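Peer 1: Sequence:
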Amino acid sequence: MKDFLFYTPAASGVDWKRIDSLRHVMEKRTASICSQRALLYTQSFQESEGEPYIIRKAKAFAHTLAHMDIYIQPHSLIFGNQASANFAAPIFPEYSIQWVIDELEAFDQRSGDVFQISEEVKQDLKRIAPYWLQHTHEDEVNAHLSENIRLAEKQGVLHRGGISMSGDGHIVPDHEMLLQRGFRSIIDEAKHALTNTDLQDAQRNYYQAVIISLEGALLFFQRFAKLAEEMAEHEQDEKRRQELRVIAQMAGTMMEQGARSFYEGVEVCYMVHVLQMIESNGHSFCYGRFDQYMRKLYEQDVERGVLTKDQALEIITHMFIMNSSCNKVRPYGHTKYSQGYPLYSNLVVGGKTPQGSDGTNELSYLCIEAMHLTSLAEPNFSVRYHLETPRQFLKAAALLIRTGCGMPSMFNDEVAAKGIEDLGIPKEDALDYCPIGCVETGVPGKYGHRATGMTYVNWGKVLEILLHNGVDPASGIQMLSVNGQGGDAVTFENYEELWQGWEKLLKFYSDISVECDAICDDSLVKYDADPFASCFIQDSMKLGKTLKEGGCRYDVISQSNIGPCVVGNALYAIKKLVFEEQSVTWEELMTAMQDNWQSLESARIHKKIRHVAKFGNDDDAVDEIVKDVFDSYLKLLPQYRTQRYQQGPAVSCYTMSTSNITSYVPNGFVVGATPDGRFAGTPLNEGCSPTQGTDTSGPTAVINSVAKLPNEQVAAGQLLNMRFSSGALAGEENLDKFVDFLMASAKKHIYHNQFNVIDSATLRLAQEHPQDYTDLIVRVAGYCAQFVSLMPEAQEAIIARTENTW
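Residue numbers (the working numbering): -13 to 792.
No wet-lab data here; the hints were simulated from the structure.
Please note: incorrect hints may appear among the correct ones.
Claimed, not checked - Keeping only pairs whose Cα atoms sit at most 20 Å apart, straight-line, the calculated EDC-like set for lysine to aspartate or glutamate is:
no., residue 1, residue 2
1, K177, D508
2, K295, D761
3, K528, D6
As the list claims (entries may be wrong) - Okay, the calculated beta carbon distance ranges per label pair:
no., residue 1, residue 2, range
4, E289, E782, 27 to 33 Å
5, R227, H130, 54 to 60 Å
6, E289, I56, 42 to 48 Å
7, E483, A607, 15 to 21 Å
Nothing here was measured: the structure is a model prediction, and the numbers come from that model.
Don't be surprised by glycine CBs; every beta carbon is placed ideally from N, CA and C.
Hey, can you work out the whole structure from these sequences and the hints?
Peer 2: This is the structure we're talking about:
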């Protein structure tokens, strides 16, 4: 059993050892493919031919909840399963099916994110596939892609990923509302709305779908009540028998009214999370500010004497553990962009209240302790902080970071809230922000889908194309030229011409990526109709619209742009060596890159480049160019509109995010050598983090460089990932230094920071003996994962990060 970080449990009879037992089950779990949802949805859709699509989706959802296998994990206080087995991934045929059939024989052969699949499941999926072929979200998107999008994808500039073959996710319900009201009240609201004779057909369909979905969910709860009662009758252990009876009593009428206890509130939050992931195969269904909306129930039960801190901690810990029972399968090509079985189920504690005071409370600390006791990849645990955050709370977060589990990631209230407010969102809502997935941020219960994660745009490839006059060297495709002529020959007379070429290509490809977003969004209006998830977001019920139709208060989206620091470092190297010093000619540089720095002459040039300043070392000359790269994209955003502009939301716009999960690795695969000295096929930089191994001046220099970026304008999340040696946080003095470092980051307006505290030797041992390191959780990007589940290239990218010390 783990030692506690800072909490000393009382002798309350709470079984701490079974926490370790449950955690062990999740650590050793095996990923598999489940066909039940696919079979049940197919059956329901066949029976509802001709009805409105949203009604068909709702009926299929309810049908699945009524007939899918359910189970209660042995010894767990929390119940609710997404699929027929622990860590099994459902299949969602309405979104995409062709890739599933194509990869049936390869799921268990992957180099990362391996899935076991039985012959029975293979036959199930082959049997239902013909019904869905040419009738999926992916088919709809592919039918409308323009030639420009297809060419940009062949060049390696654009990658559609999940938005073209899965649901959106990326939302946080209004937990406070649903805990207070329950489902029955929302059903009654929908029934009352249907009495309005002025409703449009789409609105009428929406309200009917909400009723069908919520009634299906209530029946689902009742099924667990019956199961728990049956299990109790056969249970020999008296303590467990009583727990099962409590579960049965709670589940029998759960959400027929508001949550009646802290325990029930936690269970509801988890169950809503699971139900959202049965309805849609998006990811980043998040918990938001758990310590804020659960505080009233916690304090109420403690005051009544029906709950102790120990019991609350055990309940929270069980809920955290059960998050690792859920799973999602992606096509192998897209898996490279999001490795480690991630769900990005962010849960955040701490930070300011909407009124501006500090919101830290007992639950904030208990969640940190619960995360320590679990140390699993889900939920994706975060902490909000500000200059008045109690130092004791920051120290608790630092203690958890010191364990090396990769959590929590740290969000700076002053910067994150300011960025959201500057979009036109009221300050009170902006101060209530939360992470939604990795590092993207939004207002819980009021944001629609996709704070980030629309089309992926490979800025490293845009740079490479720029240097070849618009020609992609790998595919030979030229969509435009920089100098107005054909061919890949281009010479820039000065840095200003080079910069103008960058801006020209960036706008060209950004325009195409926004076009791609729109095509995917238009299709998702139909195929991602999600009445269950939508009705928990403010204004959806008032407008009678799903989120994709505009049924939310704020509709803010962003893309995933990969490699800004590689681009900035490269442009600076050209500026300094070619134009200022004139120590390297344009032709010499191009030849050396084409040679991938291999010949003696190329190696000589590479040595020069290695000594040119790089972002992350507090050098104004290069840092300002990286800032220019950010600004060149930010100035494009006001001209872009989402598909929901003026369709309901009070605010609807594009913003920027540097949340790019593991895509910086596969995006690097398709980019040749770059003028910053990077070798062909190696990773780009991650988020706004320095390129791996190029930050050599210590952690303070890193945050000094990042502080120069327009962090407040990157309003959907600015990702900074750092690695520290284990010794850097060892002992009380070093821990205090680290807390000071966090406070300095806040003062310097760093948006976000997350940490791996682990040495390279341990990571190498995990590569050699993966069976002995299944408990090694690392911070991959804006999320954590088992190190041994990652593809070798992603493992190497983590090892390549600079190992900081003081």
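Peer 1: When the structure is checked against the list of hints, which entries are broken? Sort them ascending.
Peer 2: Result: hints 1, 2, 3, 4 and 6 break, sorted rising.
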